[in-house]
Amino acid sequence: MSKQQGWDEFEIGAMLRSFDGKIDECPAFTPQRDRNYSQNSSHVASVADWRLIKPVYNKDYCIDCQFCWVYCPDVSIISRDKKMIGIDMDHCKGCGVCVEVCPTNPKSLLMFPEQADEETEIASWPTKDEKEE
Amino acid sequence: MAFDKLELNEIEVWDGNHAAAQALRQAQVDVVSAYPITPSTAVVEGYAKFKADNLVEGEVVMVESEHAAMSGCIGAAAAGGRVATATASQGLALMAETLYQASGMRLPIVLNLVNRALAAPLNVNCDHSDMYMVRDSGWIQFDAFNAQEAYDLNLIAFKVGEDHDVRLPVVVNQDGFLTSHTAQGLHPLSDDDAYNFVGEYKPMNDMLDFEHPVSHGIQTEEDWHFEHKARQHADTMNIVPAKIDEAFAEFERISGRKYNHIEKYDMDDAEVCVVCMGTSVETAREVAKEMREKGIKAGVIGIRVFRPFPFADISEALKDLKAVAVLDRSAPGGAAGALFNEIAGSLINTDTKVLLSGYIYGLGGRDLTKKHLVDLYTELQANADAGKLLTQQQQFIGVRGPKLAFL
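Chains A and B supply the protein sequences, listed in that same order. Each residue of the first sequence is one higher than the one before, counting from 1 in the numbering used here. Each residue of the second sequence is one higher than the one before, counting from 1 in the numbering used here.
Honestly, the hints are just simulated from the structure, not real lab data. Hints are supplied without guarantee of correctness; some may be wrong.
When the alpha-carbon atoms are kept at most 25 Å apart in a straight line, the in silico SDA-like pairs for lysine to any residue are as follows [as the list claims (entries may be wrong)]:
1) B:K322 to B:G333
2) B:K353 to B:V399
3) B:K202 to A:E25
4) A:K22 to B:D165
5) B:K229 to A:V47
6) A:K93 to B:E222
7) B:K5 to B:D53
8) A:K93 to B:Q219
9) B:K258 to B:E246
10) B:K229 to A:S18
11) B:K229 to B:K243
12) A:K22 to B:A79
13) A:K22 to B:F406
14) B:K229 to A:S46
15) A:K22 to B:A331
16) B:K289 to B:K322
17) A:K93 to B:V214
18) B:K202 to A:D117
19) A:K131 to A:C62
20) B:K319 to B:F406
Between beta-carbon pairs, the in silico distance windows are [unchecked claim]:
21) B:K202 to A:L52: 46 to 54 Å
22) B:L208 to A:P103: 41 to 49 Å
23) A:F112 to B:A335: 50 to 58 Å
24) A:L52 to B:E97: 27 to 35 Å
25) A:D34 to B:A96: 25 to 33 Å
26) B:Y100 to A:P103: 42 to 50 Å
27) B:G345 to A:W7: 48 to 56 Å
28) B:Y100 to A:T30: 35 to 43 Å
Reference excerpt, derived from the structure (chain B facing chain A, CB under 8 Å, subset only) [stated by the list, open to error]:
29) M105
30) S215
31) H216
32) I218
33) E227
34) A230
35) A234
36) I262
37) K264
We put the CB at the ideal spot given by N, CA and C, even for glycine.
All chains should be built: construct the whole structure from the sequences, respecting the hints.
Put into C-alpha cells, the structure is as follows:
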C-alpha cells in the first residue's frame, strides 16, 4: 500500500486483501513466487524495520538440513527444492531461532548487528569448535 | 433448513424487548451472540425461543461475557452474516473495547441497547449513561421512545447499517423497563413485508469468500490510522444521513409510520421547547399540549438519530425560539450535559438569540413527572419573557436535598 494514499483512496474497513483478483485454487498449491500477492500484502512490504540484529548465512558450512526453514517463525528462510538459498530480510525480525537450531560446526548462520557488513563477517567466520577431550 | 413463519395479528401486545426480538426474527438474523443482562435479557431470550421453536434459521451463541458477545458478533459479521445482540449498562461497558473494533472494521451489527444506569451505586433502572458512554464509538445510534419504535427502528437499523456505502454498526436505544418491560399495542409488519424491507443480506469483504481472501482487523500505526478514522467520520457525516432518510422514507411507504432525525411536536409556532430522548419525549408532549391551554407556546423535540448527530436539523428547528431546555438523563461528570453540549454546538455559529438551559434528570430510573415538566415550561416562559436566563445554566430536576444549580 502506497504511503501517499489519502483517506478517500482505499477500501473501507480495517481490512486488506491478500491477493489481487480472484483466486482460482487454494494458494497453498501455487508456488509462492507465482502467487498474485496484492500491494497491500505484507509479502511485498517490509515488516522488518524493528530488527536490531540480523542473521548472516554462510553457505560454505550449510548441509541443507532445513532446520532453520522449519523453525523460522516468520517463514523468512528461502528454500527451493530443499536447498537453502538465503534469508528474506523484508520479513526476518532478527529473533535468532535459525542460529539456535543450526546443527553445523561452525554454524552456517550467525547473528550480527544490523549494520554489519555481510562479506566482512563471512571472511572472518569462526572456525570449527573442537570438542574438549 | 426450513423454518416456520408466524401469522401476526394486526395489533400485537408486546413490550419493547419482545418487539425487538420479533424484529430480529423477521430480519432472519444469522447469528445472535449474547450474554444476558437486565433489562435487555428478554431480547436475546426471545430470539433463542424463536430458534427453539424453529421460527428462525440463525445461530444463538452463548458466551461467557459481554466482551465475548460483541467479539462473537464481530467474527460472525466479518465472516459475512447478519448479526445482532442486546445489552445494557455494565454489559455495554464491558463491550466498550469491541464496540470500537466493530465500527472501525466497518461491520454492520445491530445492538439493542436497553438503557440502564451505570453503577455505582448498582441500579437496574433507566437512564442514558450507557448510551452516552459509547456516543463517540463510531456507531450509528437510534433512539426509540416506545415499543413500536423499538420494533420499527430495529428493521431500519439493518437496512441502514448493511448498506454497502454505510457498513457501520447501529445501536437501537430504548428505555430500560419504561419501554422494555411495558406492554403496549403494536402494529407489526407481516413476516414477508418486514423481510422484504430489510432485504437479503449482501456480504462485503466477507471472510467466507474464499476466492477473495481478506485479512480483517489489521494494525495501522501513525502512517495509516488517521486516514481510516477520517474515512469513517466522513462517511458517517456525508453518506449516512441520506441513507437514513431513504430508509425512513421506504419504511413510511410500507408502514405509514414516518420517522425523522429529530421528531418535532407542536414546533411550528413554538416559543419555548424541551429537547429530550427516550420515554421522556412522550411525557413532554403531553405536558406541552397542556401548557398551550395555559397560553404558553410550548413544543417538544425528541432526538431520533443521536449519531450522526442532526446538527443542521437542530439549529434550523431551534434558532428562532426564545428559550430551550435540554434534558440530559446522565450524570454529567463535571461538565454540561452531553446533549446540551451537542445542541449548544449546533447553535453557536448561527445568529440565534435563543436562551439555552440544561437539566439533569431521571438518574437511576427516577421518574420525570408531569409536575416537573410543568415547572420547567413555566421557567422557560419566564426566561423568554425576561429575555435572559433567570437561573443558572445547569440545574437538577427531581433530586432530594438543597437545590442544585451550576454554571
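Of all the hints numbered above, which does this structure not satisfy? Sort the numbers upward. Structure breaks hints 1, 2, 13, 15, 18, 25, 27, 36 and 37.
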